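Next come the chains, spelled out residue by residue.
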Amino acid sequence: DIQMTQSPSTLSASVGDRVTITCRASQNISTWLAWYQQKPGKAPELLIYRASSLKSGVPSRFSGSGSGTEFTLTISSLQPDDFATYYCQQYNSYSRTFGQGTKVEIK
Amino acid sequence: EVQLVESGGGLVQPGGSLRLSCAASGFIFSSYEMNWVRQAPGKGLEWLSYISFSGRTRYYADSVTGRFTISRDNAKNSMYLQMSSLRAEDTAIYYCARDQEGSYDYWGQGTQVTVSS
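Protein chains in written order, with this note's numbering: chain P, 6 to 112; chain S, 464 to 580.
Since the hints were derived computationally from the structure, they do not count as laboratory data.
Careful: at least some of the hints might be erroneous.
Each computed DSSO-like pair below joins lysine-lysine, with the alpha-carbon atoms no more than 27 Å apart [unchecked claim]:
1) P:112 x P:44
2) P:60 x P:108
3) S:506 x P:44
4) P:108 x S:506
5) P:47 x P:60
6) P:44 x P:108
7) P:112 x P:47
8) P:112 x S:506
9) P:47 x S:506
10) P:44 x P:60
11) P:108 x P:47
12) P:60 x S:506
These figures come from a predicted structure and were not determined experimentally.
The whole structure should be built from the sequences, with the hints applied where relevant.
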């Protein structure tokens, strides 16, 4: 199975900060990568697909980049609604693995 | 409006069985592949199973292979997860998710499964 490793596991930031989360794949997954946001007690929500395509309705402060084995999710200016846990997911293979998650906390 | 509603969760003893359902509305169900994903208490997301449009192709995570069976009924706009030989480590919230070319663009609210004696 393809392993997905996110860093950091926890991130403390302030409103207005630029935030970057990294996701590394154990093998080449091209751009078959998605990013999700999950708030406590809620289902995950898709933010980014194909590594850099923004889902309709998602604020433009979210962006994704990368290909191959290294990917990033960037929030250009952190908003109060963005404090949540973020997961990457690869879909290069039928066994679709998630990263362990990155919790974005208020500093 | 796309809606996915899971049901069928509950408390079950170790070794027992449970059948989860996912009722879909607001889109042409037969045109989408579907998945089950779970989240153990305080843990991350774990993909469990995939089913193709027709139901002919199915994939499973190693952790549930041989114990869980995914199925769908396009006439009823529903997907199912038959779970057997349940273990304490299967305790989790179970989500169904619509597959949009590999990423999951819509999720249900989840149903809680607790395996305990």
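Flag every earlier hint the structure violates by its number, smallest first. none
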